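Listed below are the residues making up each chain.
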Amino acid sequence: MRTFFALPRRNREFGLLLFVSMAGLLALALVQLSRTPDLTAASLTLVITVLVMFAVLHIIVRIVAPDADPFLLPIAALLTVVGITMIYRLDSELVLSQWVWVVLGGVAMAVVLIAFRNYAQLTQYKYLTALAGVALLLVPIIPGVGSEINGARLWIRFGTFSFQPSEIAKLLIVIFLAAYLAEKRELLAISTRRVLGVWLPEARHFGPLVLMWAISLLVLVGEKDLGSSLLFFGIFLIMLYVATERGAYVAIGLLLFAAGAYIAYRIFGHVQTRIDIWIDPWLDQADRGYQITQSLFGIASGGLAGSGFGLGSPSRIPAVATDFIFSAISEETGLVGATALILAYLLFTLRGLRIASACNDEFGALLMVGLVGVFGLQAFVIIGGVTKLIPLTGITLPFISYGGSSILSNFILLGLVLRVSDLVRRQA
Amino acid sequence: MNRAIRRVAVLFALCFVALAANLAYLQVIRADWIVGHERNTRNIERELASKRGSIISADGRILAQSVKTGRYYARRYPLGATTGQVTGFYSIKYGRTGLEASYQNQLTAKHTYATARDALNDLMGTRPPGNDLVLTLDVPLQRAAIRALGDRRGAIVALDPTTGAVRALVSYPRYNPSQIEKRFRTLSRDKSSPLLNRATQGLYPPGSTFKIVTAATALANGTTALDKVYEGPSVLRVYGGKVTNFEDEEFGTMPFSRAFAVSCNTIFAQVGLELGDEKLVGGAQDFGFNRWVPFDVPTYASRIERPEDKLDLAWTAVGQSRTLATPLQMALVVAAVANGGTINEPYLVDEIRDYRGTVVRKASPRAWQRPINAATATKMKELMVEVVEDGTGRRAQIDGVTVAGKTGTAEPSDKKRTHAWFVGFAPAEQPRVVVAVIVEHGGVGGRDAGPLARDVMEAALR
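Chains as they are written, first to last, in the numbering used here: chain A, 1 to 428; chain B, 1 to 462.
It is worth saying that the hints were derived from the structure and are not from the lab. All values derive from a computational prediction rather than experimental measurement. Built from N, CA and C at the ideal position, the CB exists for glycine as well. Among the hints, a few may not be true.
Taking CB as the label site, the calculated pair distances span [as the list claims (entries may be wrong)]:
# : chain 1 : residue 1 : chain 2 : residue 2 : range
1 : B       : ARG189    : A       : SER34     : 51 to 61 angstroms
2 : A       : LEU131    : B       : ARG7      : 28 to 38 angstroms
3 : A       : LEU33     : B       : THR358    : 45 to 55 angstroms
Covered stretches of chain B (in silico footprint by chain A; criterion: 3 or more residues with CB under 8 angstroms from a CB of chain A, positions within the stretch not fixed) [to be verified]:
# : stretch
4 : 10–18
5 : 24–32
With the rest of the complex left out, here is chain A (with noise of 0.2 angstroms):
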């Protein structure tokens, strides 16, 4: 029995926690001294108590995961930090509310790493998983229970309370995908008929993901909500790939997705806008292409260094502190800051995929691919479409972003990415 102590990895990651605690207290005092020339202690508590919730979880991982990947839990903490931060710069306000999601998260995750001691229980309801995922997914299309914000109908409102349901769903979804693709890659990667010159396998085992393609597109029309109908359909077709590696899968999935797109763009004015203001944004600029504008003139702005923190104008951009929180910390971090950042989303995705191909059980495989590549594919494309190098499509950037039920997904995902970490290398 190894103890509390002698656990290499978990010494590692404390390690890098320690180096992502004086980053973080740096850049809030940083903010803090552009305001008032004095620092108070007051703002730092801010960021103290999220890193003393690390160090909580760095214990409680210490303790029922010992094994788990090393990197993971001080990347979401840089993260997290980097994003207390960058809100409590831009509304002093909104940032308490982060502050109280965050611990939350916490505390959702550490239910997760306890309660889940062997993630194959995941794989006992898996029906019922994809009907609450689905469910989540639909219900804000229900009159009187959606609400529509900016465009968008994605959010369930309760009182003051609003919530969006499809973060939650993401993770059920991909669980269920997990499962089912592990029951049935071998049946799915069998041929039986030629249709249009490509094996495909029977129609009964292709019929879920058929329903997949079906779903992402009612989002897409239902909720208007380009973002969360790209990442599903784009996660699906990922796992779909890994758990057959039959190329053809990925091409047909891509001009199903390629048709529907473009059906959409022909039918749905806020497609059209999206795509038009991607090609020139300056044609519009006063109009509709004016976040996208404000958000370029942010990131330029920025340079290489950035002006540092405190010490731009992110406030111009619309809806800075959500969707657009990268184009805020590309104009006060510089392009050194943003490529860090882009490398530390890199970083977390390719450690999880790197577990998922030592992982010897195929659940356990597609569950890890499922839930960083998620991650991963969310971060490409919000920082892809804040700094247009694809379509905007409104979704979060994973553990930055203001918005509750974002924060919670995410933290949730973090606790399942770091239970499969911990088995595999256990198995190993």
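Following the hints, position chain B against chain A.
Chain B in isolation, oriented as in the chain A frame:
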């Protein structure tokens, strides 16, 4: 599955590298374009928070400076309208004009750092103070020119022909750049165009001052000579039309040099016809017509069109027809004569200094056009001295100084009262100043512009 997972990993790596590459494109490669976009309002804030460079006259007077008021700097113009059209104005609402516009990058010290520390500070968000401009403009001379012009619409240019340094640049009506925020709407709607710098952007028919171009080109081409004798009737019939003299004067027989001194149209029509349209237009272009004048504040190009027929050629040679010139252009024509045939590029900014006083850039004379050779320039000088000594320009005489000049009484297209021109230089032996004066609808060149030019030359030589 592992092969597929590896491929997914590669795909993610490529996607994220694309994100970083695109970000480098936005923040470094394309950054200047995006930041400088006209719709970008965040520059303004940054610009207002940093100290803009001062504009200082040759005699050390401050013409424009930034003064801190609270968080931002405000632009002040201590001399107001005296140098308003030269400095131009600087306004967040209404933009920039004059030197404030053309030297924007220097005045804000964009990408120019005095020390490594400034570069570091800029990187950290604090711009170093802007660079100062030290002008060739001389405030006493500028004031003398303003006094001379009085409240007559028109313009006066005074420059040093040996260098191209502009020493006075006056245009009336004028405006005070300190009041631009309050008065812009009125000023921009005013029919008398006070915002227009007439000296560099006013286009007028040059009238008889253009005879300098015609004479110099004809002498240079050998189609005429100083002693060539012409008949100068009061009316010359050409190609179904006629060329007339001012007040239909009858001159009789006289040499070319005398015809220049008395500004005889009917003789200059003949000189033009001898020269031909191609050479006349070519000569004018060598003097700078149809060319953009390189200068520190915006200029309009003076223009000459190819004559349609012989009658048009005859009128073009005497400076009417469709030819248009700015006062600055006419000063440069005279500068060629005064400077042995070479026109130097005109300039206003003599020195650029960083905020610590180190000279960043120093102007040096640069040849622009060389329309005539030294021999022709000497002949032209003779002709122009004669104009002032015993011709139409007698009113520009100064005691003890040999003045050279040429008068012009130009018919405006609207047939209102004539524009009065006088262009000249002094001292003729060793020219130090070239002056061009136009008084819009001011009357007769010698009588109504000559004394103004004399006052300015006198002040310049003092």
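Tested hints:
no.: 1; hint: ARG189(B) / SER34(A): 51 to 61 angstroms; verdict: violated (44 angstroms)
no.: 2; hint: LEU131(A) / ARG7(B): 28 to 38 angstroms; verdict: holds (32 angstroms)
no.: 3; hint: LEU33(A) / THR358(B): 45 to 55 angstroms; verdict: violated (32 angstroms)
no.: 4; hint: 10–18; verdict: holds (count 5)
no.: 5; hint: 24–32; verdict: holds (count 6)
Going through the hint list in order, the structure does not satisfy hints 1, 3.
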